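Visitor: Following the hints, put chain G in place on chain H, whose structure we already have.
Protein chains in written order, with our numbering: chain H, 1 to 351; chain G, 1 to 351.
Any given hint could be a false lead.
If the Cβ cut is set under 7 Å, some of the chain H residues that face chain G in the computed set are [said to hold, decoys possible]: (1) V45; (2) L46; (3) E80; (4) P150; (5) L153.
Chain G is faced by these chain H residues, among others (derived, beta-carbon under 7 Å) [as the list claims (entries may be wrong)]: (6) H119; (7) R132; (8) S160; (9) H161.
Hint data in this document are derived by calculation from the structure and do not stem from the laboratory. Note that this is a predicted model, so its numbers are computed, not measured. From the three backbone atoms N, C-alpha and C, an ideal C-beta is built for every residue, glycine too.
There are 2 protein chains.
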Amino acid sequence: MMRTRRLVETAVMVGMIGVGLAGASTAALGAGGDAAQEGPQKPLVLRKQGSFFVGGQTESTGSNSDITINQMYVQYQIPEGAGQHLPVVMIHGCCLSGKSWEETPDSRMGWKTYFVTRHHPVYVVDQVSRARSGFDATIFAQVRSGVLPPSSLPGIFQVSHQSSWSIFRFGLSFGTPFPNGQFPIEAVEGLYQQEIPDLNALLPTPNPTYANLSALAGRLNGAVLMGHSESGFFPEFAALAGAAGIKALITIEHNCNTLTDDQIAALAKIPTLIVFGDFIELFPQWVTANANCHAYADRITAAGGDVTFVHLPDVGIFGNSHMMMLDKNNLQVADVILNWIENHVEAEAEH
Amino acid sequence: MMRTRRLVETAVMVGMIGVGLAGASTAALGAGGDAAQEGPQKPLVLRKQGSFFVGGQTESTGSNSDITINQMYVQYQIPEGAGQHLPVVMIHGCCLSGKSWEETPDSRMGWKTYFVTRHHPVYVVDQVSRARSGFDATIFAQVRSGVLPPSSLPGIFQVSHQSSWSIFRFGLSFGTPFPNGQFPIEAVEGLYQQEIPDLNALLPTPNPTYANLSALAGRLNGAVLMGHSESGFFPEFAALAGAAGIKALITIEHNCNTLTDDQIAALAKIPTLIVFGDFIELFPQWVTANANCHAYADRITAAGGDVTFVHLPDVGIFGNSHMMMLDKNNLQVADVILNWIENHVEAEAEH
Chain H
1 MMRTRRLVET
11 AVMVGMIGVG
21 LAGASTAALG
31 AGGDAAQEGP
41 QKPLVLRKQG
51 SFFVGGQTES
61 TGSNSDITIN
71 QMYVQYQIPE
81 GAGQHLPVVM
91 IHGCCLSGKS
101 WEETPDSRMG
111 WKTYFVTRHH
121 PVYVVDQVSR
131 ARSGFDATIF
141 AQVRSGVLPP
151 SSLPGIFQVS
161 HQSSWSIFRF
171 GLSFGTPFPN
181 GQFPIEAVEG
191 LYQQEIPDLN
201 ALLPTPNPTY
211 ANLSALAGRL
221 NGAVLMGHSE
231 SGFFPEFAAL
241 AGAAGIKALI
251 TIEHNCNTLT
261 DDQIAALAKI
271 PTLIVFGDFI
281 ELFPQWVTAN
291 ANCHAYADRI
301 TAAGGDVTFV
311 HLPDVGIFGN
321 SHMMMLDKNN
331 LQVADVILNW
341 IENHVEAEAE
351 H
Chain G
1 MMRTRRLVET
11 AVMVGMIGVG
21 LAGASTAALG
31 AGGDAAQEGP
41 QKPLVLRKQG
51 SFFVGGQTES
61 TGSNSDITIN
71 QMYVQYQIPE
81 GAGQHLPVVM
91 IHGCCLSGKS
101 WEETPDSRMG
111 WKTYFVTRHH
121 PVYVVDQVSR
131 ARSGFDATIF
141 AQVRSGVLPP
151 SSLPGIFQVS
161 HQSSWSIFRF
171 GLSFGTPFPN
181 GQFPIEAVEG
191 LYQQEIPDLN
201 ALLPTPNPTY
211 ANLSALAGRL
221 NGAVLMGHSE
231 SGFFPEFAAL
241 AGAAGIKALI
251 TIEHNCNTLT
261 DDQIAALAKI
271 PTLIVFGDFI
281 ELFPQWVTAN
291 ANCHAYADRI
301 TAAGGDVTFV
311 HLPDVGIFGN
321 SHMMMLDKNN
331 LQVADVILNW
341 IENHVEAEAE
351 H
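Isolated chain H (complex conformation):
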């Protein structure tokens, strides 16, 4: 039975605007290139792909009834040509899963695939207690059977369609997008579909994802950790749990916790990139988050660290929402990050 299928990549035009980072280039875009210019999408060539778990403990839920909890799912792809570039670990935000790094809601290439085309091994995780990592259901069973009161249940957070617009900065009011916004708002239902219950309130302290990320970086003999939103500071917390394998910290739109001087001194040894998108000034919570991250960056700098703070409009990239990995110019934003890794992390390691 012969069948043919025409697959047209709808990737946006990737034109790299000078972003104030050395080495910015549109060369070697691989499969991320403009479809109209390059014809059909170039094939993606992988040396290996698969998935595994990091961490987890055995918990007894009764006689002869053990389960595993606090493990973290990791799905990876290693491109042909890997060895030139560091592995990148991508950690999703609140109410989302590793899905965020994959195809965009309007069917364009996500960062997972794009980083692979740029010859980085990519490791996409689901946070502990989310998605394929599972969660510890013990409390739910205990409340159901009356052993624990209903108040023992964790608060489960799910972002509503309406809240998505304000938290993710699609517009000032629900249903009215910014005219120059980059989020593919015509496909917003595809974002709503990936918004799932967040059970992080169920987790012990510290969040087991931190140690699992640290262990993953160690297992990879060196990796860049990139967090977003809820997980924006997970790279830093993972480094504080054990920095041996962590080559760089990328924090995308977080509130940047206030740390002790000792913690700052430890983190200042690792190159750090902080990224914020557009429309920050229109949302008080994002103004605060941005200011906190500037204060954090100043402390890292004062401690002798290499920290780069990119406010995308300041480098000529406009209209980005909080979900910049899904925005129409998502590959342009990815190039900012990829070039920073090359120039601030990989180039430094050669000296």
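Guide: Below, chain G alone, put in the same frame as chain H:
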């Protein structure tokens, strides 16, 4: 910074034993070939990869607070050379996720990658209410706040380490594997890590996954549906919800529900493969399941259908557990399925 990494595929030797299916062949094993014979793993060449959701409805959880429920996550890869072979949709079993089809616990290639090397587009789903598909958390919030009593909570099922051994047929008692069993028992912790809470008790009737699978097959303009264990009969239920895009039904180790004559007549129009592994006779629940599926197959045959029932030991493949996609001979079992698709589905469609 230059780094090199030696990746050695530990894929088992795939020697196709005559299995009583026409056209069995070890040719064109692609990346699944024996590492010792072929050297490093061959690259995997993809035309496209990504993920999307099928289905889902908007649910109001209060004023200006809508969420999406009942959507199904789908992750896909389309190999170079696709067009020769039908897309295959893989549906995981109880307490598991799409992870089951990926790398095995002992780091060998899973069926997802192997089917891609055999030039099938592969679509791996997470069932509605599981993993990246999310779940409807409304009842949990209502119980926590006292609006509903604790008895309203769904029973959440999680398979314990101990139960895994009996349900998945690793041995007759926990900790003592069958000497000739194929499950990589030295890596059983990697299975425990992928066993996550099953919230299917929360789902409406009929299970929304059925209609979503039917819609997915339609969107693909034709696909083979393959279910396992809990989802072993999901292909059949999906076909009963709408058979237009469903080209074949593969049922791996299920209980084979009793259907009406009208349902049997409808399903008899679609080629069906039923697969069972080894050690069935030692487990009463599996004896019953096997017998029920034989009765089902007989009814499909009587209605004029093309049904193939493979008990693996009868075709010279021994030692398989219930988790045959993770067993040491998993690619050998995959070949049985792939050859059946070629000969009973794709070859028929050419006439």
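Visitor: I'd like to know which numbered hints this structure contradicts. Please list them from smallest to largest.
Guide: Violated hint (a single one): 6; every other hint is consistent with the structure.
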